[in-house]
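Chain A is fixed; fit chain B onto it per the hints.
Sequence lines, in order, name chains A and B.
Residues 1 to 327 in this note's numbering are what the first sequence lists, from first letter to last.
Residues 1 to 337 in this note's numbering are what the second sequence lists, from first letter to last.
Fair warning: there could be bad hints in the mix.
Computed cross-link-like contacts, DSS-like style, restricted to lysine-lysine with a CA-CA straight-line distance of at most 27 Å [said to hold, decoys possible]: (1) B:K316 to B:K47; (2) A:K34 to B:K149; (3) A:K34 to B:K179; (4) B:K149 to B:K241; (5) B:K308 to B:K47; (6) A:K290 to A:K249; (7) B:K102 to B:K308; (8) B:K335 to A:K15; (9) B:K279 to B:K11; (10) B:K70 to B:K148; (11) A:K253 to A:K322; (12) B:K102 to B:K335; (13) B:K146 to A:K34; (14) A:K290 to A:K308; (15) A:K159 to B:K148; (16) A:K159 to B:K146; (17) B:K70 to B:K233; (18) A:K159 to A:K195; (19) B:K335 to B:K148; (20) B:K149 to A:K15; (21) B:K148 to A:K15; (22) A:K159 to A:K34; (23) B:K179 to B:K72; (24) A:K159 to B:K335; (25) A:K195 to B:K335; (26) A:K34 to A:K15; (27) B:K120 to B:K148; (28) A:K15 to B:K146; (29) B:K308 to B:K70; (30) A:K34 to B:K148; (31) B:K120 to B:K70; (32) A:K195 to A:K314; (33) B:K233 to B:K72; (34) B:K120 to B:K316; (35) B:K146 to B:K233.
Hints in this document: simulated from the structure, not taken from any laboratory.
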Amino acid sequence: MAKISYIDAISAAMKEEMERDENVFVLGEDVGVKGGVFGTTRGLHEQFGEMRSMDTPLAESAIAGVAIGAAMYGMRPIAEMQYGDFMLPATNQIINEAARIRYRSNNDWECPLVIRAPIGGGIFGGLYHSQCPESIFVGTPGLKIVVPSTPYDAKGLLKAAIRDEDPVLFFEHKKCYRMIVDEVPEEDYIVEIGKSDVKREGEDVTVITYGLTVHFALQAAAELEQEGISTHVLDLRTLQPLDREGILKAAEKTGKVLIIHEDNKTGGVGAEVSAIIAEELVFDLDAPIKRFCGYDVPAMPISPPLEKFYMLNKDKVKQAIKEMALF
Amino acid sequence: MSETIVQENNKHRNLGITDEQVIKMYRTMVLARKFDERALLLQRSGKVNFHVSGIGHEAAQIGAAFALEKQKDYFLPYYRDYGMVLSIGMTVRDLMLSIFAKEEDITSGGRQMPGHFSAKQYHIVTGSSPVTTQVPHAVGFALAAKMKKQDFVSIVTFGDGSSNQGDFHEGLNFAAVQKLPVIFMVENNQYAISTPLHKQVACERLVDRGLGYGMHSVQVDGNDPLAVYKVVKEARERGIKGEGPTFIEAKMYRLSPHSTSDNDLAYRTKEEVEENWKKDSIPHFKTYLEECGLWTEEQELRMQEEIKQEVNEATKYAEQAPFPKPEEALTHVFKEQ
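Just chain A, with the same shape it has in the complex:
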């Protein structure tokens, strides 16, 4: 098995799916000749040509809307939003159109579309290159929402998203792109959408998280092991539909639940996860459910001390787990 980065896993998934199915194509701003501002689509233009690796006009609603039309015809578009922050001009197309096409046509039309977007901070991106927009979309039935944390999951989930018959939002934490490397099999595989994954078994505290913060939790858990605290880490991987069963099982395991995400706390996915646990397990818990999340400010500031203050990291997560363990 080869060790590859998170970004290379995403590129490989697109390349292999485009080789497998000629209806798969990529469209977005600067995704063609340049290969994307992060380099995610590098090589696709040379291999598949300008129609299947299409540089579009700078207009996000059209990128989403044109992809929706092509998907309804029977193509398998992968629309790239340059940054999650820039997705908002396309939200009407995503929420009012893509998500509702099957339902509103009573199953006559379908919209097998993937929209990829880099999310998250820690790159001095300031307010509009750092956002985690997932909570805007969570709660819209008809959309699947995926946020991988590892190269293995990224490749398998992206392949599953491309093969899915419904619209899938695929959020990539840009801080993971080159930082996270692991083993990815060369043969074809998918990771099923809607299934969480236990990234570490533990006994004392359950951390439920997704994206970049999975790694902070794993790093913190490794250090806390030395201090005698055993941490169970559940990676949600799919934010919609949430893996109810996986969440309850993980919560039950330790009876102490800490939910972590970079997206701001209020109205975030953590609220829904917390409600699921409260509805089913509240009397089995040993501590109140706690959320450790981004601050409720409009977005992440650019100045280094401000960004550092806003961002979660291993040490902050470690402290939060410790407090939960000592409750």
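Quick look at chain B alone, frame taken from chain A:
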């Protein structure tokens, strides 16, 4: 009869439309009108909740639809396009089942408001209520035609107010850059609900908006079905030949209020509306057929009787048809295994 009149009376033949087809166009115009009038009555008598009207738009819709290829081209209509959808396969019964929101409604199984046409079997693409969102979808169908080297076009229609939406501008630009086989047709009826055109746009002609994106753009009399047929036919040929999109401004007047929830005399005068009724395409087109020697009063009476029966039967059928089961509301969120 002078030579000019003979030529004028052969206008449809010169366009390649047979006598039989031109009669069918007229019949479809009348059918759309009669459906519309009945739907209004049904709403006023409390039998259905809502109706949004297309009276005054029939000529443009039918002219356009007849110039295209059924079940080959893709149609992305907007909520006034009864004439268009009736031309390409939908029936009055289908429309009635939709306004009564019955289980058998092919557009949505009783989920969507009336006027939200959809039927994959007729290549009618599902739409929503925030206007103009279907414009980029039409571009997406046309993109697929180019990518898969298929000889179909997509047509998308919308109102004059819609030409202010971002999706209009983004969609036109995308199609022009990629030279896609899509026809954009604005049904300029002079009003966006109550707001007149001069409060919607500052440019004199909507057609100039297409020119601004570098695409072939034409203005046409939307009350003349043959004129619309001609420009749409040419636009289709241009699209198939890889010459790119066409923007068509069809000018007409919305003779009815916006919907059953609208009192149009609150913002326009009776005189203005009456003046425009004089330009109503239906009697004018009837006169054309008569002058061509294709239509008699006897045929007219027979057709009116047939249409009345068709509308009556469709109304009765839809009224008696079962509603969807309540728990149907839970199905088809995602593909069911």
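Hint check:
1. Between B:K316 and B:K47 the alpha-carbon distance is near 11 Å, which keeps this suggested pair within the 27 Å criterion.
2. Under the criterion of a C-alpha separation no larger than 27 Å, the hint pairing A:K34 with B:K149 is consistent with the structure, at around 26 Å.
3. Between A:K34 and B:K179, the direct Cα distance comes to roughly 22 Å. Compliance with the 27 Å bound is thereby established for this hinted pair.
4. With a C-alpha separation of about 11 Å, the suggested pairing of B:K149 with B:K241 holds against the 27 Å cut-off.
5. Simply put, B:K308 and B:K47 have alpha-carbon atoms about 18 Å apart, close enough for the 27 Å limit, and the pair holds.
6. A distance of roughly 17 Å separates the Cα atoms of A:K290 and A:K249; the hinted pair therefore holds under the 27 Å criterion.
7. For the suggested pair B:K102 and B:K308, the alpha carbons sit about 22 Å apart, so the restraint of at most 27 Å is met.
8. For the proposed pair B:K335 and A:K15, the alpha carbon gap of about 26 Å is at most 27 Å, so the pair holds.
9. As the CA atoms of B:K279 and B:K11 are separated by approximately 19 Å, the hinted pair is consistent with the 27 Å bound.
10. Proximity of B:K70 to B:K148 is assessed by CA-CA distance (about 19 Å); at most 27 Å being required, the pair is judged to hold.
11. At roughly 17 Å between alpha-carbon atoms, A:K253 and A:K322 fall within 27 Å of each other, so this suggested pair holds.
12. With a C-alpha separation of about 22 Å, the suggested pair B:K102 and B:K335 falls inside the 27 Å cut-off, and the hint holds.
13. Taking the CA atoms of B:K146 and A:K34, the gap is near 23 Å; set against the 27 Å cutoff, the hint holds.
14. In summary, the hint linking A:K290 to A:K308 is supported, as the alpha carbons are separated by about 22 Å, within the 27 Å threshold.
15. For the given pair, A:K159 sits about 22 Å from B:K148 by alpha-carbon distance, which is consistent with the 27 Å threshold.
16. Between A:K159 and B:K146, the direct Cα distance comes to roughly 25 Å. Compliance with the 27 Å bound is thereby established for this hinted pair.
17. Distance check on the hinted pair: B:K70 and B:K233 sit about 13 Å apart at the alpha-carbon level, within 27 Å; holds.
18. Between A:K159 and A:K195 the CA atoms are separated by roughly 15 Å; this keeps the pair inside 27 Å, and the hint holds.
19. Pair hint B:K335 plus B:K148 holds up; C-alpha atoms about 25 Å apart against a cutoff of 27 Å.
20. A C-alpha spacing of about 22 Å is found between B:K149 and A:K15, which places the hinted pair at or below 27 Å, so the restraint holds.
21. For the given pair, B:K148 sits about 19 Å from A:K15 by alpha-carbon distance, which is consistent with the 27 Å threshold.
22. The straight-line distance between the Cα atoms of A:K159 and A:K34 is roughly 23 Å, inside the 27 Å bound, and the hint therefore holds.
23. Between B:K179 and B:K72 the alpha-carbon distance is near 20 Å, which keeps this suggested pair within the 27 Å criterion.
24. Taking the CA atoms of A:K159 and B:K335, the gap is about 17 Å. The hint holds against a cut of 27 Å.
25. Only pairs whose Cα atoms come within 27 Å are accepted, and A:K195 paired with B:K335 is accepted, the gap being roughly 17 Å.
26. For the suggested pair A:K34 and A:K15, the alpha carbons sit about 16 Å apart, so the restraint of at most 27 Å is met.
27. Proposed proximity of B:K120 and B:K148 is supported: the alpha carbons are some 19 Å apart, at most 27 Å.
28. Under the criterion of a C-alpha separation no larger than 27 Å, the hint pairing A:K15 with B:K146 is consistent with the structure, at around 21 Å.
29. For the hint linking B:K308 to B:K70, the alpha-carbon distance of about 26 Å falls within 27 Å, and the restraint holds.
30. Between the alpha carbons of A:K34 and B:K148 the distance comes to roughly 24 Å, so the proposed pair stays at or under 27 Å and holds.
31. Note on B:K120 and B:K70: the hinted pairing holds, with a Cα-Cα distance of about 12 Å set against a maximum of 27 Å.
32. A C-alpha spacing of about 25 Å is found between A:K195 and A:K314, which places the hinted pair at or below 27 Å, so the restraint holds.
33. At most 27 Å may separate the alpha-carbon atoms for a hinted pair to count; B:K233 and B:K72 meet this at roughly 14 Å.
34. Our distance criterion of 27 Å between C-alpha atoms is met by B:K120 and B:K316, whose separation comes to about 25 Å.
35. Of the supplied pair hints, the one linking B:K146 and B:K233 holds, its CA atoms being roughly 19 Å apart against a limit of 27 Å.
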